[in-house]
Amino acid sequence: MNQMNELFLGIFLCSCLMLAVSSRLLHCIRIVALQGVLLGIMPVTLAIGHGDIHWSVMIINLSLKGIILPCLLYRTMLKAGVKRELEPVIGYSLSAGVVLALILFSFFISGRLSLPAGASDLAGLAVPCSFAVVMTGLFTVIARKKALTQVIGFLVFENGITLFGAAVMREHPLIVELGILLDVLVLVFIMGISVFQISREFSHIDADRLNSLKEEAR
Amino acid sequence: MNNSLPVFAVNFIAALVLAPLLPGIINKVKAFFAGRKGPRLFQLYSDLGKLLKKECVISSTSGGILRIAPAIQLTLTVLAALLLPMGFKNSPLMFPGDVLLFFYLLGTCRFFSVLAALDTGSSFEGMGAAREAFFSALAEAAVFAVLAFLVLFSHSWTLSGMLTGIGMDSWISFTPVLLVSLAMLLVMLAENCRVPFDDPETHLELTMIHEAMILDYSGADLGAILYTSSLKLWIFGSFIVSMLIPGNILSGWQETALSIGGVFASAVLVGIVESSMARYRFLKVPPLLISALVLAIVAMIFQLFFNGGIR
Amino acid sequence: MLTLSLLLLPVCGALISFFSEKPAVARWVLMITATGYTAICAVLPIHPDQLHLTETLTLAADPAGFVVLAATAILFLPVSVYNFFWMPRDLEKNAAHLGMKPSTFAAILMIFVSTMTLTTLAQDFGMLWVAVEATTLASAPLINYHRSKGSLEAMWKYLLICSIGIGLALFGTMLLSASLNFASASFGFAAVKRLTAHGFFNPAWFKAGFVLCFAGYALKMGLAPFHTWLPDAHSEAPVPVSAMLSGSLLNCALLALLRLNDIVPSDLEGFAAGYFKFFGFFSLAVAAFFIIRQKDYKRMLAYSSVEHMGLIALLIGFAAMDYAMLHIISHSLIKMSLFLLAGNILLSYGTRETALVKGLSGRLPGTAAFWLTGILFICGTPPSPLFFTELVLVKEAGIAAGSAILALLLVIFCGMSQIALKMYAPDKNIGADPAGDKLCRIPAIALAAVSALGIAVAWNMIG
Amino acid sequence: MDIMFFPVVLIVTGGIVSRLLQKRPAAAMVTGAGTLCGGTLAAIIMQILCYCHDGGFAVRDLFAFPVLILGLAGAIHSIGYLAGHGSERSGTYWFFFNLTAAAMLAVTAVDSASNPLSFLLAWEIMGAASFALVIFDRHNQSACRAGWIYMIACHAGAGLLILLFCFDLTPLWVFIIALLGFGLKIGFPLLHIWLPEAHPAAPAPVSALMSGAMIELGFYGLLSFGILRDGNIALYGWVLSILGMATMLPGIIFALAQNNLKRLLAYSSIENMGILSCALGLGFLGMSHHIPGMMICGFAGAAVHLLNHALFKGGLFLGAGSVYKAAGTLDMDDMGGLLKRMPWTGTGFILHAAGLCGLPPFAGFAGEFLIYCAAFAGLGNRELPLTVISAAVLVILAVTGGFAAAAFAKVIGAVFCGEPRSAQAEDSVEVSPGMILAVWMLFFLSCALLAALPCGIRYLVGLMTPEYIGYGESISGMVAAVALFSLAGLLLIFAIMLLRRGLNKRCGERKSATWDCGYALPDPRMEYTATSFSRSMVDFFGSLLKPARKISAPQGIFPGKSELDEEIADAGMRNFWQPVFKCGTFLASRIHMLQSGSLHFYLLVLVITLIGMLLGAVLQGD
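In order, the protein sequences belong to chains Z, H, X and G.
Numbering-wise (our numbering), the first sequence opens with residue 1 and increments by one.
Numbering-wise (our numbering), the second sequence opens with residue 1001 and increments by one.
Numbering-wise (our numbering), the third sequence opens with residue 2001 and increments by one.
Numbering-wise (our numbering), the fourth sequence opens with residue 3001 and increments by one.
Everything labelled a hint here was simulated from the structure, so no lab data went into it.
Every residue gets a Cβ at the ideal spot worked out from N, C-alpha and C, and that includes glycine.
Mixed in with the good hints, there may be bad ones.
Across the chosen pairs, the derived CB separations fall in these ranges [stated by the list, open to error]:
hint, chain 1, residue 1, chain 2, residue 2, range
1, Z, K214, X, L2053, 54 to 64 Å
2, Z, K214, X, A2449, 34 to 44 Å
3, Z, R200, G, L3020, 26 to 36 Å
4, X, G2199, Z, H54, 31 to 41 Å
5, X, F2085, G, R3024, 18 to 28 Å
6, G, G3462, H, E1055, 50 to 60 Å
Same shape as in the complex, but just chain Z (with noise of 0.2 Å):
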């Protein structure tokens, strides 16, 4: 299943080099769709051959990651009537690079911190995917203007978190897995609020348009 489980992190990679490069929000929120998906299925497939398999999370998390969120994002980018993100803060090839040396960077950073032990064997390939990932969420917030993008952009983060957890770490208690799951539905529910009501307020949801508050030069 090993090999499986790289395939999995690889297409977690690609994913995040597909969102640097994407302008149509349709587009990103199925990469985080796919995202969400290939969480779910990872802790089974990583499970295989440990041991238990914690089924209910399993489906509560592909339910949620794969299904819920990803269409909660689609509903509100139909009520806020956007459908790309037109003029980026950094532009789509120079986004393409600054995700790939933001790889290169996790697999530097990542190949100077030795692996607990006791860590799963994928460990040493899921540390890296996940920094990435991570990075490439947050890269994702500050280079993309709309509102919307930088939800999806959060997902990506979170998701990177995720797959940091599972493939690296024994679970957490259930409840607390739960909680954390609970949070970020209820997270993105009030992002998807605040976004539509934004765009309601401001007739737009560009996020770098958002600056009256500040402290005014003299």
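Given the coordinates of chain Z, assemble chains H, X and G onto it according to the supplied hints.
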């Protein structure tokens, strides 16, 4: 020195009695230089006699300082005179530090004369008062620099000790004493409102200092003021004379004559100065007073470095 | 049982309030809930209580947690009482742009308190993270109670920056867990501490995890340079919420940092303390410059919170834990009073701009007097307990750092007092507003309590 | 337990009760004033009983005395001052007034050596409570600015004291920090800027308490904490005397130029603190060079001047308060002729002013006399630096005295003499008896001080330095001579006044308009005002004072309204603090630009910091 008290007493009474002569002497000298006959030598005595009989007119603006100021000035000037060595004899009332009291008594006189001038509400008197306050503050600097010199020179804290302490040996180191005397002469001219600081003869109120301040006095009050200013002239003359002439070279009564003669001579000197120069513009008065300070400081430097005052 | 009721009481109140849909009911429910909540908190130290969720997962109030819990409770009660009188007046003035129903507002406020309670009770890093994230979620809608472009923007920034910050903390938590080489089944504070104390950890992973957790919770706490969202959120929120955000929420994040600091093994103490010191000092410096000539008095208070979080971080960095706790409690009370007073000013003048607030001493005499008192207190004028904590801090920091801290505190004082006095300055053209001034009693009582605390501390220190 | 403990508690309790009685001003007043008067009186009596019982004396008693006396006088004066002037808030007033007085008393009473924290606390509370009083006056628009400056000074001073108390420093550093920290209270150059702002703004009894007692406590602090036994005594002497000279002369020059009555008095306080510092400096120089005369004269002069300044400046501020109450303004150009309208206050004010200028026959002279004597003693030493500094002190002190006389002549002339220059001054009437009593009480106390001085000096020298009792004897003899001369002078003046009365009864006395060069209708507008009085002196010191004049000169054949407006900004403020604050504000406004409102920028900062932290943490491990 057992006969010093009577000598002092005689000199003191002479000062009180003869003081009004000084303005007469000055006027006579000035008249001489101007080729006029001038007022009588005893003119001030007659004036005082006349004023004592006259009705007193008080400004209706006054709040009372005007009335009390002449009494204060007269009293404090007489008290100051008591501290001064007279006829080269120590004052019987002397005590260490009395020199401070001496100058501060004169200062208090001036303070109240300024207040009295302001009390009338007259703009001319205000003008005079402002100038008096300003110039006398600057004169204080010169006075206390002279004092510092005297303390250094005589190692005494009493006025009598300082002035009589400049004995024969002071003639050996004459330069500092002369410089200090010159400074003191300038202070005397300033304090007594003589040319070149002020012109008592002027008839234009705008240019007056002391005369402007007493515009509203009349009767006995004016008499007291005039008498006080002549006594003040005497005090300063006597101060300089005691400083310049070393004591204890003649017998008691000859010294008395010398000192009174010296004061008269200082009056003549003032007269000569008044005849030979004009009043300075007000802007030039502060530099002149500061030069008096500089003179005293130079004297001190002389004393410290050239006369071996310092280890 | 007590612990559970502490968590569930606000939730019940929230449900009642939410479904009643009436502002009056909401106000009453809020006040009653707060009273009950405070009462339970008061009983808690007498009857120590634990709630076992699973065999490894418990909820309990340990000393540090209890301090923060107490700070929350003593804020919740006055804020809810203030809210009782504030809400109708606010409805009167701002009915046109309400972002939600008052009942919903009260409900979310209670949920918010519940999540903060969970933070203080959590005994496990995972639970802690869940609770802190939940506080963000519960507080974000509150900011947008008065819907305006500004509040929406503030909410968005708050939501996004804090979520990322908390995400980092989650990442950090996982790294920490990994650093323990999976030796422990539980991730409770005590267990982790036992492990680290005996050296069963991977230093590199531990450091990375520590840094990420530190950054995440410091962001929530408002330490510079992660404070950027704070002035926006705290100034745009309605005053009861501002008071809770500044007075309680920041403490909760701080508690997380305290937990983190607690598990640091002795050979890494210098490493951890360095972060506390650096970010504490940096916050102090940043706040100092932003307070000077601040145009918005609520923002000024927000920056002052940044400053005080910096001071508390410094106190932790210099290992003066007792005084850090004292600072937490005093700062919460004073800052709450100031925000409530700012609420009075806001209601009466209708603006947050300091330049437009003139003649406060004539218009709202009581508010004005306590406003000045509060500003002096927050700047550490005795009898404020902050004076003593700052004194201890300077003493611990040594002469060079101590002088720098004092200089920055002076700069902050200059800035704050200038603004406060400009508002206070009498103006003949401004008439009195006696109705608006009545609300100053609650902050007044809080300030009196703070002075009493300060006097007690002084008594104790002088001996 | 210290004997001051109960008075302090009584006064504070009274203040709190008074605040609680805010709704009933009369009751608040009775409580506040009653407890303050009672507390201070009790403290004074207890102190005297202590002396009678077992003798002894401590430096702190010297500083406690002004607090007690001015607390008492201030309380009496406040009763009248508050009437119709914020009496509805009298509870607040008394709360803070009592708190200030109690804190000041506590500053002197706590055992500061063993318990610096309580000293620090009392010190801070003193500052904060008096701050509340500075901004008490709701009619004064600029009070808040003044309060701000004052509070910053207090806070900065407290900060320095914290440094002083928290760390073990070398004696030199202790001295420097104490000089800065307490210098902020004393008002050394550049640290003085709060004085001319806060004193005019505060209610008069508060100004009296602050100026007469509080700033002097700065010296108490300096002596208690800054001057260490193992420090360099000569250095203390040099620094204090030079600093004193640098304080007093500019202080009085600025005083001279002011047209606001209380501002002038505030600058005069700066001057007097300079004199005090000079006296202490001379004392320390005498101590380090082993010149007993200089040491004793210097310290005794400082002590006497301290008491004199407390009494006279207190009286002057109270008098200024009475004037403000009657004339409704502090601008001297709008006053005039008040001596006729309020003879008791006016006479008291004039006597206090003469006393503060150090003119005989008042007690003020005794203090200056001793300081001059210290300089004399230094002159006789034949050591060049000491001679030079003594001569310099002598001259500077004299010039300062001269200008002080000029400044107070200006005050008296502009406020009390001549004709009123405004309608309100025209209508002013004498203030209530309590306010007069407070002023005169202080004057009589100063007379008593002069009378008690010879014995006091001998006693204290015997107590403190028994080996120099001979010097004490001779110095007390000198002071006794001064006192006797003063008495003689007063009696003589009285006699001459009687004489004059007799004379005028015979010759007649009548009143007439002031002679004004033949001008028939003298008008108040023609009078010499405060501005014009000091004009020539201000011009002389123009380079220091930099007066900003706005003139609209009379023009044309029939000139219309013409005006001259003169404003003199404080040199320290203008040349130092304003640029400093401007720089700070500019820097802050640049830094404000970082909070640009851009979410992307915020996040970027976040990520960069995070990466920096991570790299730091990971690389550190290697």
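How the hints compare with the structure:
For Z/K214 paired with X/L2053, a C-beta distance near 44 Å fails the hint of 54 to 64 Å. Our hint of 34 to 44 Å for Z/K214 and X/A2449 holds, since their Cβ atoms are close to 36 Å apart. Under the hint 26 to 36 Å, the C-beta atoms of Z/R200 and G/L3020, about 54 Å apart, miss the expected range. Checked against the hint of 31 to 41 Å, the pair X/G2199 and Z/H54 passes, with Cβ atoms roughly 32 Å apart.
For X/F2085 paired with G/R3024, a C-beta distance near 27 Å keeps the hint of 18 to 28 Å intact. Restraint check, G/G3462 to H/E1055: a C-beta distance of roughly 58 Å satisfies the suggested window 50 to 60 Å.
Hints 1, 3 from the earlier list are contradicted by this structure; the remaining hints agree with it.
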